[in-house]
Amino acid sequence: MNSEEQALFAREMETLRQGYRERLVIQLKELEELAASLPFNPKALVILEQLIHGLHKIAGGAGIFGMPELGKKAKILEIQVKGIRDRMLHSAQCTPPAGELLSAIRSLTIQDIHPIIPQEETSDPAMNNLPPLPASASNPDPHVLILDANARAAKELGLSLRNFGYIPRYMQSLFPEREETSEKEPAAVLLAMEGNEGRDGEEIRSLFQGRPPLIAISDSSDFSLRLAAARAGARGFFTRPLDVPKIVDCLEQIIRKEEASPYRVLIVDDDLLLAEHFRLVLEASGMEVHTESQPEKVLDRLSTVRPEILLMDVHMEGCSGPELANIIRMEEEWVGIPILYLSGEKDMNAQIRALESGGDDFITKPVDNAYLAATVSAHVSRARRLSELMAKDSLTGLLKHIRIKEALEVEMSRSNRDGSSLCVIMLDLDHFKRVNDTWGHSVGDRVIKALAHLLTRRLRRSDSIGRYGGEEFMVVLPGCGPEKAAALMDEIRLNLKSIPFQAKGESFTVTCSIGMACSCLGVSAEELLQAADKALYQAKAEGRDRICMAPMPCT
Amino acid sequence: MTVLQRIAYVEDEPDIQEVARLALELVGGFTVTLFSSGQEALDGMAAFRPQLILLDVMMPGMDGPSTLSRLREQESLRDVPAVFMTAKVQTHEVAHYKTLGAMGVIAKPFDPMTLAQELRTIWERCHEQ
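So the sequences go chain by chain: P and X.
Numbering-wise (my numbering), the first sequence opens with residue 611 and increments by one.
Numbering-wise (my numbering), the second sequence opens with residue 450 and increments by one.
These are computed hints drawn from the structure, not numbers from a lab.
Heads up, none of these hints are tricks.
Below are the SDA-like pairs computed for lysine to any residue, each with C-alpha atoms no more than 20 Å apart in a straight line:
hint, chain 1, residue 1, chain 2, residue 2
1, P, Lys1002, P, Lys1059
2, P, Lys682, X, Asp464
3, P, Lys682, X, Phe559
4, P, Lys692, X, Met507
Stretch by stretch, here's where chain P covers chain X in the computed footprint (C-beta under 8 Å, at least three residues):
hint, segment
5, 459-471
6, 554-568
Quick list of the computed label-pair ranges, beta carbon to beta carbon:
hint, chain 1, residue 1, chain 2, residue 2, range
7, P, Lys1002, X, Val452, 46 to 56 Å
8, P, Glu1136, X, Arg519, 33 to 43 Å
9, P, Pro872, X, Ser486, 51 to 61 Å
10, X, Ser486, P, Ile962, 54 to 64 Å
Quick caveat, the model's predicted, so the values are computed rather than measured.
Don't be surprised by glycine CBs; every beta carbon is placed ideally from N, CA and C.
Sequences are here, hints too, so could you generate the full structure?
See the structure below:
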């Protein structure tokens, strides 16, 4: 184009934009009227279909005419309304959230004509009167048994552990009445060594039937006590005054290992009997095993089962193992999944060819059961370790910045599909620089770790927790409404400030500020995150050590 | 390789029609004939002898994919390369449209400044094969 044509293009474009904007005003009005008629219309599905169509048009059109933001918002809403429609198709009882939909459509504005006026944010007064604490939204809390002749010291330790989400139980003597031990097996035993001087390690060990992990506590760091503790198989030795966050760190390492979820395996084999046999073998080693006999269904199964390893037959009807491996490797998401071939193939060259096309290992039939279980287990454990290294923050074991944001995207699309609510939380330690400056960075790291453990303990396994920045954490709570999330997070806030940290012979506590935002129609993951961040700033500005909730854009 | 000149464009929305025409004629220098519905395209496209067919996917009545398959029934349009335009472009959807005989998929919103170039790239790619 020469400059004349360019000028012509610009002029024409501007005319078109003007025309589009004018028609857009009418279109938006129509969408609004449609949404408003929803509660009174028996044919809600028809209305939703019209809304989807209208939103789709704006999603495609607005960006072309210089309003990419509006286009994006329309697209998000289109996806969400589709989710509502699909849910209504599946269940006759499902009623569309008419009010929320209406305000989401009203929030679609033509930027250039009606610039968005930044709204004055006020804190939600409801937040000051928090509802009663939920029973427990978390995993079954682990029990720890504190065995100490000094009941007061034991209670004190127990109280601190409770802040981290542990349930303490107490015993004063190593020779309890039978009924006391018949309770739930503790996840760990904290044993005060006083009074056990001279007792043989093996003797202590034999007192615990289920051999729970042992942590020794003592007034002195006397060598003979340490030796007895070591012989009893203690995994940690702590001297008083106790540094509770350090003990928790130790407990977490022990418990997390035992709580690790079973390895998820998908077996693809058109020989059903054989697949069933492999399934039984691997399940006997504690793995979660799924089988699939049709290669064409494997991609679907991958996304539902989300296996950590694939075992597949080399020779299958219609599609060979290596061919299937190629198909799977084309999907970015599954580039890294270990693939093991199971085959009667003894020909080394054929094996090499199979490995070249995307496989990781080759197990020849007949397969030795123990060998199969060990190989699968080795591959998954290595893959887990690798993905953990890539995805997780080394200090806290939480998700890294980029991963937690990905987790939010994943949860958002799930919530769009099933219509469940979702909360995003930004949490930041107050005056953390002061902690670092006063007590040193290693103490600062301990505080960060303690908060990480606290979050891991108090939240559900389905929640995603990430270290967003230095002392900033991000949490995604799927399927959780604002009241429940606020109660839960406030509990965590209170827990944190009652944890005493020890440094340089002194004790100190820390507080945190929390910002929350809850999903609603028309809001993207990014906007939700921004809203939570803003709420965090507000919590800081209002004096820290508190929760602030972002105003709901749809209410 | 023949130079791309004649494009048939099927799109129901007047606003998008106009901006695409501007982008293809003024920026791209192509000759464009517009059809506002699948039916219009079936009736009149053959006479225009297009070198490339551009279709919106979501249209009321006959949508883009069904329009294309009906167009393919006409002898003179059987082998004309087709390109879909759609607001939802996910990898598996692109793959799906390609199985319907499309040479490419253009995402909406498109950039009016680069639309012509995008089509040219698709055109060149499909002639290399």
